[in-house]
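Enquirer: The residues making up each chain are set out below.
There are 2 protein chains.
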Amino acid sequence: MQELIIHEVGPRDGLQVEKQPVPFEHKVAWVESLGAAGVDIIQLGSFVNPEKVPQMADTDRLFAHFSAPGKRPGKAVLSGLVLNERGLERGMACGVEMFCMGVSASETHSRKNTGMSPHEALARIIPMATQAMAAGKKVQVSVQSAFGCGFEGPIPTDRVLGLVKQYLAAGVSAISLADTAGHANPMQVEELFGAIRALDPNVEMTAHFHNTYGLGLANCWAALRSGVRSLESAFGGLGGCPFTKQPAGNVSTEDLVHSLQRMGLRRDIDLGKLLEVARAVGAFFGRELPGFVLKSGSIVDYKPAGN
Amino acid sequence: MQELIIHEVGPRDGLQVEKQPVPFEHKVAWVESLGAAGVDIIQLGSFVNPEKVPQMADTDRLFAHFSAPGKRPGKAVLSGLVLNERGLERGMACGVEMFCMGVSASETHSRKNTGMSPHEALARIIPMATQAMAAGKKVQVSVQSAFGCGFEGPIPTDRVLGLVKQYLAAGVSAISLADTAGHANPMQVEELFGAIRALDPNVEMTAHFHNTYGLGLANCWAALRSGVRSLESAFGGLGGCPFTKQPAGNVSTEDLVHSLQRMGLRRDIDLGKLLEVARAVGAFFGRELPGFVLKSGSIVDYKPAGN
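Line by line, the protein sequences are chains R and D. Just so we're aligned, residue 2 is where the first sequence starts under our numbering, counting upward by one. Just so we're aligned, residue 2 is where the second sequence starts under our numbering, counting upward by one.
Chain R extracted, bound-state conformation:
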């Protein structure tokens, strides 16, 4: 079984729905701990209009901070989400190493999220991806709402694969399927990623799940079995897209790493540190976060406890 890449999206997808502004210094401390824990990629923020999403207003400053010499959090690659050309320009200027960008497979979700149809969004994303790759940046493109949409219901597989084919034709080989609404089930995950692998066995496949119906880790396991090499997750299980119906948290990074380590994978990551971050985030917001291991405690290295 391959060793999965952990892409921590807590600072972006975890925080973007939170109304209480997180001070820059807190974000820096959390990201430093995530880096020290050994996650592979950290998504520091998204380049959106700060008036629309004030929580993301310090994204440029975070990249400037962490891309300065000697400031890298552990060995983590710094990823950022961009939605348009303006965002790409900002990201190029402040030190983004990996650009994430995507198109929703749901017409309704796409319009709510970006004001464009999937077709229009794709026509803008492809040149942005090409431009970022030409500048030597890592680029990952995604299909959002790939497994279903709270507004539109089931999303036809062909529509998802159609977008994937256009990504591949444009020369992007890192592709993420995002389960924005949490609708995915393990059988569907295996089918959809299997279909992508059938298109091109060299695609670097990433999955992004939300735990709306309790299937987050089940879908991660199905993805792992299907050849997915990277998973996106958020500290504490925080998060949820504000433009979907029935938003719910991301798969929790601690729960994901805990389950991998129970299977003997990614034992190099410091789970204790991940739990510290999640506890700090929970303390900041003053509420219990959805993660399971936060409540139950780790049993990765459990010792007989006496009777």
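In short, the hints are calculated from the structure, not lab data. A portion of the hints provided could be inaccurate.
When chains are identical, the list treats them as one kind, so a pair holds in a single copy or across two.
Unchecked claim - Result set (DSS-like, lysine-lysine): computed pairs, CA atoms no more than 27 Å apart in a straight line:
#, residue 1, residue 2
1, LYS53, LYS166
2, LYS166, LYS139
3, LYS20, LYS296
4, LYS296, LYS113
5, LYS72, LYS53
With chain R's structure known, arrange chain D on it following the hints.
Expert: Quick look at chain D alone, frame taken from chain R:
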């Protein structure tokens, strides 16, 4: 993909840890609804000392009620948990149709739960199983703490398979592995059930998971992939063995059925009725139960909701 049997253990494993006594009439109403929903087997209770577990004191009365002519809840088979010869005798007298009995693979858990070592417990269980089968009863034997123990840590696979072999040698072909402490991971689930199938491809395999670390449904999916034909779950995700360390709820029946129906399986079960039962149980105890679909709502038959 085979269609799984749903064995509802809420009235037993779900309620046994609850201090607030549930009146007989409430249990009857909940079981009637579970039957109407179409679950296949309902575990009405356990035959334990009522002084030790007052919540189970009306088990004999429940069996007498539901085994009377015309009283069967839907098409459900009536199962009961027995721990010793006295329990078997009581069960024989009141209408149990399927006897569940087991041995813990953990020495410590076994002693806390039954006062016996696994070896001693097995020596008592085998004759009980033989006697019940000779009386024409369905018998399912289990290995508890099969995937790990909060007291002892990992449980060697050979110890679990050793118990399974002795069950098979005694002629019992319905075997359950119970993840009493919630330690199972999907890789282990596939390995362990795969090893049992390699011993005897005709074993009727059942799995029983707790959601302590968020892996309940992931383990169910792994079990389904491994040829398991029956899953045990509890309404609302209630439950937890009082004699384990760090008890946590069973896999929620509604969440399990919801995920199966999303995969096109068991569409014959009335998920709305299962949700009604879980809501009624939550209202009785006056708290939010762990189930996800209870909070998020079903998307099995979701319609585009307008924008």
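Enquirer: Compare the structure with each hint and give your call.
Expert: Evaluation of the provided hints:
1. Proximity of LYS53 to LYS166 under the C-alpha cut-off of 27 Å is found in neither arrangement, the shortest distances being 32 Å within a copy and 63 Å between copies.
2. Proximity of LYS166 and LYS139 under a CA criterion of 27 Å is satisfied intra-copy only: 19 Å inside one chain copy versus 53 Å between copies.
3. For the identical chains of this complex, LYS20 and LYS296 are neighbours both inside a copy (24 Å) and across copies (22 Å), given an alpha-carbon limit of 27 Å.
4. Within a single copy, LYS296 and LYS113 get their C-alpha atoms only as close as 35 Å, which misses the 27 Å cut-off; across copies the closest is 24 Å, which meets it.
5. Neither within a single protomer nor between protomers do LYS72 and LYS53 lie at most 27 Å apart by alpha-carbon distance, with minima of 29 Å and 60 Å respectively.
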